[in-house]
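Colleague: Each chain, letter by letter, is given below.
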Amino acid sequence: MSLGSYCFRKSLWVFHFGGASCNNCDIEILDCLTSRYDIERFGMQLVGTIRHADVLLVSGSINRKCRARLLKVYNQAPKPILVVAFGACGCTGGIFAEGNVFGGPVDTIIPVDAYIPGCPPKPEAILAGIVKLLNK
Amino acid sequence: MAAVNYEIFPDILKLNFDSDILGLMVLQRKRLVVQIRKEALLEIANYFLDELKYRFVIASGMNADHGYDIIYHFSDDSTGYMVNLMVNIDEKKPEIESMANMISAANWIEREIHEILGVNFINHPNLTNLISGENWEETEHPYARPSRDNKKSQRT
Amino acid sequence: MSKKTVIPIGPYHPLQEEPELFKLYCEGEIVRDIEWETGYNHRGIEKINESKTFDQVFFVVERICGICSTSHPFAYANAMEEVGRVEVPDRAKFIRTIIGELERIHSHLLWLGLAGHFLGYNTVFMWAWKYREMILDIFEKTTGNRNNYAMFRIGGVRRDIPNIHISDVKKMLDAIKPKLNLLLGAVMDDPVIHARTKKVGILTKEDIIDYGAVGPTARASGIAIDVRHDDPYAAYPLVDWKVITSDGCDVYAKTEVRLLEMLESVSIIDQCLDKMSHTKEGSIYNPVKEIPAGFGFGRAEAPRGEVFHFVKTDGSNSPARHKVRAPSYVNIATFKKSCIGQTISDATIILAAVDPCYCCTERMAFAYDYYSGKQIMNGLDLIRISQQKTKELKMKM
Ligand code: SF4
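As they're listed, the protein sequences go chains A, B and C.
Residue 3 is where the first sequence starts when you use the numbering used here, and the numbers rise one by one after that.
Residue 434 is where the second sequence starts when you use the numbering used here, and the numbers rise one by one after that.
Residue 6 is where the third sequence starts when you use the numbering used here, and the numbers rise one by one after that.
Extracted from the complex, chain A is given alone in its bound form (with noise of 0.2 Å):
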């Protein structure tokens, strides 16, 4: 069993990095965390600093003042650490990626591991995106 699959195969801890994003799919995926979703439930739980997690979820559209951020960020994550691109900012920059302040698609400032595409995704999109993630 390599080192990846043994970190993750158990609770996962969630950092969630919100870009410029409309504030939708952060509100999704604290959705997830209340009553009738609860990832809870599965051992996820959403933590305070990057220094405690095993996923690094990054929602909204990255601007340039971001970017540093997020990849000062990444550096600080304790590896190996899974990435989502959550949403279609997160994913490609969606409807802001003609702003004249757009930093690139999440993927090109670190890698990605899996996407969730949506605007915003529902939170059984989510649920099934993390499950296919620790498929993988």
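What the hints contain is simulated information worked out from the structure, not anything from laboratory work.
Warning: the hint list may mix true and false statements.
[Said to hold, decoys possible] A few chain C residues facing chain B, derived, Cβ under 7 Å:
no.: 1; residue: Asp215
no.: 2; residue: Tyr216
no.: 3; residue: Gly217
no.: 4; residue: Ile230
no.: 5; residue: Phe313
no.: 6; residue: Arg326
no.: 7; residue: Lys328
no.: 8; residue: Arg330
no.: 9; residue: Val335
[To be verified] Just the calculated beta-carbon pair ranges, DEER-fashion:
no.: 10; chain 1: C; residue 1: Ala229; chain 2: B; residue 2: Gln461; range: 20 to 28 Å
no.: 11; chain 1: A; residue 1: Leu73; chain 2: C; residue 2: Ser56; range: 25 to 33 Å
no.: 12; chain 1: B; residue 1: Lys447; chain 2: C; residue 2: Lys285; range: 41 to 49 Å
no.: 13; chain 1: C; residue 1: Asp252; chain 2: B; residue 2: Lys525; range: 45 to 53 Å
no.: 14; chain 1: C; residue 1: Ser288; chain 2: A; residue 2: Ala99; range: 36 to 44 Å
no.: 15; chain 1: B; residue 1: Val459; chain 2: C; residue 2: Arg164; range: 34 to 42 Å
no.: 16; chain 1: B; residue 1: Leu455; chain 2: C; residue 2: Lys204; range: 45 to 53 Å
no.: 17; chain 1: C; residue 1: Asp173; chain 2: B; residue 2: Arg470; range: 57 to 65 Å
no.: 18; chain 1: C; residue 1: Arg90; chain 2: B; residue 2: Phe442; range: 16 to 24 Å
These numbers come from a predicted model, not from an experiment.
Think of the CB as a built atom: it goes at the ideal place given N, C-alpha and C, for glycine as much as any other residue.
Use these hints to put chains B and C with the ligand onto chain A, whose structure you have.
Modeller: Chains B and C with the ligand only, in chain A's frame:
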């Protein structure tokens, strides 16, 4: 505040600030656009804020044929009437007196207009970056388009 | 003078969904000054809009803020209809109002949950968000989406709510009413919540006027401004409702205003559904051929206050300038007044009380200033302090 009769309101305004008003435009549904001299801005704004108890909504800065236009939006919340003071600012010397000392609500928006158009607000308490940060250089003004006159002069 | 401590909150921390950086300058326990740094959420929306056609702009303004994804299109539609002198059919007016009010309930519930969390009441958080799901179900039924509803167009709405769905929606709405009353009772009766929120974060009438604050923030200080009432649009003049105000000026008053507003919204939706069933099905928009050059000033009451859109058109098919003023833009600035002189443990709830929305504010998201500050406590600690205080209070009572 006594209720203002909006039928005759534009005329009252003309009477009060005759020499400062360059143009009046009555739009439908309780909207009024008043073009004023930029030197008279503070005085007229004060009249609306202090005497008529209007609320300062926001200011919008935009490109115009000659230089920039800034529209200051005021709202009368008891009637829903909106008065918009429009000033034109010369491109060569983009400056205007700041309203931030009179009403705090103008503080941020003036900083923003300063960033996006490069208009200088005189006597602003703290004219620093609000949104640009590392997003664009201080010398760059993403919303400012050189007007036709200026383009010509650049070419020659 | 004693050494001032700088406490940065954010930019990226788990409970503010959006990035923002506040620097609290403290002397001992007391907050002496507050500074804020933005730019993390700037997306250049106003600039993007200048390159979109009038119809496409709707989808961009919808994504200014996920929570207000009706208010922005609402204000923009009002602005465009003013420029183009377009009349909206009655049925479309009712549908617009219903979606707008549903949004208000879901936004206030969301806020209540977060505020509860900041105070250390995670039950409130879970419950409020659970009941919020019921609203999202109605949204899914009526618009097809949980968020970003894409219902608006110039001259009307894009989709109809068929008459056969009305009774279903009403049933769902009826199911929510007792839940809202339950939350209302839970907040009003709890002595600990009273102790934590009363006389905290006072904003006087003068402050509100000076900063131009709007929405529940202003209404909790006794200023009855509500665009729905002052400058009526859509179906608001056609139904019975009242503007909720409170004279408390503190965090508790803001909570109260929001809770009561939710009940008011339910009644507005109820009336709209009734009246809507008498209008002709399917007549939901008036076609618009072209938009002349001119100015449009559109306003709408978002859950957080007045949204203002200014559109300048030049006769082409896209805006020459589109200016957006979100309510948080003016509300957030009031922190300078409400936070100073308060203890750090109260700062979180005061900041939250305004229901700040940073994506709205920047339209166009905080910093790792960990190295510049002298002594550091992060946002998580801050919430912990706040939750601790509630715990201590509970023990005492
Ligand atoms: S993907 Fe859509 S919902 Fe998510 S942040 Fe971007 S615009 Fe908002």
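Colleague: All the hints need checking, so say for each whether the structure fits it.
Modeller: Hints, verified against the model:
1. The closest approach between the C-beta of Asp215 of chain C and any C-beta of chain B is roughly 5 Å, which is under the 7 Å cut-off, so the hint is satisfied.
2. Hint status for Tyr216 of chain C: holds, given a least beta-carbon distance of 5 Å to chain B, under 7 Å.
3. Hint status for Gly217 of chain C relative to chain B: holds, with the closest Cβ pair at about 3 Å, below 7 Å.
4. For Ile230 of chain C, the shortest C-beta to C-beta distance to chain B is roughly 5 Å, which falls under 7 Å, so the interface hint holds.
5. At a threshold of 7 Å, the smallest CB-CB gap from Phe313 of chain C to chain B is about 5 Å, leaving the interface hint in force.
6. With a cut of 7 Å, the hint placing Arg326 of chain C at the interface with chain B holds, because the nearest CB-to-CB distance is about 4 Å.
7. The interface hint given for Lys328 of chain C holds, since its Cβ lies 4 Å from the closest Cβ of chain B, which is under the 7 Å cut-off.
8. This hint holds: Arg330 of chain C has a C-beta 4 Å from the nearest C-beta of chain B, less than the 7 Å allowed.
9. Nearest Cβ of chain B to the Cβ of Val335 of chain C: about 6 Å, under the 7 Å cut. The hint holds.
10. Distance hint check: the CB atoms of Ala229 of chain C and Gln461 of chain B are about 26 Å apart, consistent with the given range 20 to 28 Å.
11. The beta-carbon spacing between Leu73 of chain A and Ser56 of chain C, approximately 29 Å, falls within the hinted interval of 25 to 33 Å.
12. At about 46 Å, the CB distance of Lys447 of chain B to Lys285 of chain C agrees with the hint of 41 to 49 Å.
13. For the pair Asp252 of chain C and Lys525 of chain B, the supplied restraint of 45 to 53 Å holds, since their beta-carbon distance comes to about 52 Å.
14. At roughly 37 Å, the beta-carbon separation of Ser288 of chain C and Ala99 of chain A lies within the given 36 to 44 Å, and the hint holds.
15. Our hint of 34 to 42 Å for Val459 of chain B and Arg164 of chain C holds, since their Cβ atoms are close to 36 Å apart.
16. A C-beta distance of roughly 50 Å is found between Leu455 of chain B and Lys204 of chain C, which places it inside the suggested range of 45 to 53 Å.
17. Taking 57 to 65 Å as the suggested C-beta distance range, the pair Asp173 of chain C and Arg470 of chain B conforms, at roughly 60 Å.
18. The hinted window of 16 to 24 Å between Arg90 of chain C and Phe442 of chain B holds, with their beta carbons roughly 21 Å apart.
Going through the hint list in order, the structure satisfies each hint without exception.
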